[in-house]
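A.B. asks: Construct the complete structure from the given sequences, taking the supplied hints into account.
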Amino acid sequence: MPTPFVNEEFTFTNPDGSTIRVRGSGNQYYAVFETLDGYTVVKNPDNGFYTYAQLSEDKSQLIATDGIVGQVAPQSLGIQPHLSIETESAKQQAQSAPMLQEGFSQWRVRRQQKKTQLQGISATTSADARPASTVTVGNYLGLCILIKFPDVAASISQQEVSNFCNLPGYAGFGNKGSVRDYFYDNSQGKLTYTNVVTQYYTAAHNRSYYTDPAIDYGTRARELILEALNYLKSQGFNFSQLSSDSNGLIYALNVFYVGPRVNNWAEGLWPHSWSLASPYDVGGGKKLYDYQITNMGSELTLRTFCHENGHMICDFPDLYDYGGQSAGVGNYCLMCYGGNDKNPVQVCAYLKNEAGWASKVTAITPGLTASLPAAKNEFYLYSKNANEYFLIENRQKTGRDTFLPDAGLAIWHVDEQKNGNEEEQMTPSQHYECSLEQADNRFDLEKDVNAGDNADLFRASYKTEFSDSTSPAGKWWDGSNSGLKIAQISAVAATMTFTVPGSAWLEKKQITGLWMINQERNAAAYVDGLGWRKIASESDSVFLGMLALLSAAKERKFPVNLRLENNVIQEIYVF
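Using our numbering, the first residue of the sequence shown is number 1, and each one after it goes up by one.
To be clear, the hints were calculated from the coordinates, so they are not data collected in a lab. Check before you lean on any hint, since a few could be wrong.
[What the hints assert, rightly or not] Distance windows between CB atoms, simulated:
(1) Pro373 / Glu571: 55 to 61 Å
(2) Thr495 / Gln95: 51 to 57 Å
(3) Glu565 / Asp245: 28 to 34 Å
(4) Pro131 / Asn481: 32 to 38 Å
[To be verified] Straight-line Cα separation of at most 27 Å, DSS-like style, residue types lysine-lysine; simulated pairs:
(5) Lys509 / Lys534
(6) Lys418 / Lys360
(7) Lys485 / Lys384
(8) Lys91 / Lys115
(9) Lys384 / Lys475
(10) Lys360 / Lys554
(11) Lys509 / Lys91
(12) Lys485 / Lys376
(13) Lys376 / Lys509
(14) Lys384 / Lys342
(15) Lys233 / Lys148
(16) Lys360 / Lys397
(17) Lys114 / Lys286
(18) Lys384 / Lys508
(19) Lys91 / Lys59
(20) Lys287 / Lys148
Cβ atoms here follow ideal geometry from the backbone N, Cα and C, with glycine treated the same way.
C.D. replies: See the structure below:
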């Protein structure tokens, strides 16, 4: 499957037709499998049988033993369970996978181009002020091809797949909405992504031709896709309606084939995302290149489809570790583990903001009291420069985030100069592109302990502050102090608050309300966008003077500049 999997059970088949049950973790580039009692297995390249594994002397490889799984007791081989190779070796094996070496998916090219275009542009810049090619907003139309085989019939109708992709409020197979709904909700209506779903194409050969494990992984999948495209072209399919980039490359080609997943890992039609051997010309200046292919099985589920289209439509990166040595951002983002197959969690704040989906990004300044609703794409940002910054969002275990590991304030540390989450070392030179500051300071995600737990996010009665001196610390990756300090984080709620100690001037604020107790020096002003703020009362003359100015500003509706210190109005400037 294209998306990562963790401790998932599979049935693998040997050349003689015998099968074994294994439990595996990994992705299409690198994976490790064990028997259900924990002994690591590998495929013997000489005979094709799955055997128990042993470590090479330098611990850089898993090597096949002579013990075929199910035919000998692993204890008799003198091997240990739960074997793993060294971290760097796993990463090297993942990066050398053919699908990362042979051909370069266009979404990866576009992503690098976007990063170049956004150099020096602050993450607080609104979507409409950025280069148009760097955001994913508006209407997008992809292609979803359905394929059956002469010997394997379809069990899910074309209309059902179309509904799964496009129907608002879709609930088939227990999914929360359609693919269209997922992206519409995540973008707060800024992206409407739908698919043209074809009628079934019948492949030229029986399924076994395409699933042949002796043929290099992906080769027959490409052949099958080209068959279907040639057929559509011969039937006069209107490719011009599909959304494409500035080079005419159509963003999204999704392929569903009927039946269960019958291949072993990284063989035949094992689900994957890749690109065709060369762009396929459909005429009119448009071409198809990137694709994702997966089996349909007996039901349709959102997570994998949405994840892969996050790549193809939005140019989102994977936020998991290809080498499987860490958990990336775990179940806190679609572009890592995604939480749940039928109701995947939301895209994280970093990628939402990058896509142009933010409703509001507020810079964190001294004296601020922040009010942060969940699921509204409102974020708070504190930056070192255009590349490195902290981004804060409110995540609650409801709606699209029902399957989050935790609820509260998520504090993201972003370094846009990195590419992906391959480096979990947490050093100045080796760290994630996007990392979650885990409130318990255990960094279980980087250490691959879990994919998130109930101690990761910030909230009252647990972790209420984040600064250079807390654990975890809010320092920049070079070890220098950031100066960020947030405090008084509220309890878990649909809208959470926090304060930023210190003094700051706020410009051109409207005063829409005043409150005081008789003639006592106890008064507050309602500042538009901030709410009620107490008026300093150390001196009668200063207090009364500020009260008069605020009253005039309220009545005459003119803006004022305010200096707040720890959220108390200390000075007023009228211009």
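A.B. asks: It remains to establish, for every hint, whether it holds in the given structure.
C.D. replies: Consistency of the hints with the structure:
1. Pro373 / Glu571: 55 to 61 Å: Given range 55 to 61 Å: violated, Cβ gap about 30 Å.
2. Thr495 / Gln95: 51 to 57 Å: Check failed, 43 Å falls outside 51 to 57 Å.
3. Glu565 / Asp245: 28 to 34 Å: violated (50 Å)
4. Pro131 / Asn481: 32 to 38 Å: holds (33 Å)
5. Lys509 / Lys534: holds (15 Å)
6. Lys418 / Lys360: Status holds; Cα separation ~25 Å.
7. Lys485 / Lys384: holds (14 Å)
8. Lys91 / Lys115: Holds: Lys91 and Lys115 sit about 24 Å apart, inside 27 Å.
9. Lys384 / Lys475: holds (10 Å)
10. Lys360 / Lys554: holds (26 Å)
11. Lys509 / Lys91: violated (52 Å)
12. Lys485 / Lys376: With a Cα-Cα distance of about 24 Å, the restraint between Lys485 and Lys376 holds, given a limit of 27 Å.
13. Lys376 / Lys509: Distance of about 23 Å is within 27 Å: holds.
14. Lys384 / Lys342: Violated, at roughly 38 Å.
15. Lys233 / Lys148: holds (18 Å)
16. Lys360 / Lys397: holds (22 Å)
17. Lys114 / Lys286: holds (21 Å)
18. Lys384 / Lys508: The hint holds at about 25 Å.
19. Lys91 / Lys59: Within the cut-off at roughly 13 Å; holds.
20. Lys287 / Lys148: holds (24 Å)
Checked against the numbered hints above, the structure breaks hints 1, 2, 3, 11, 14 and satisfies the rest.
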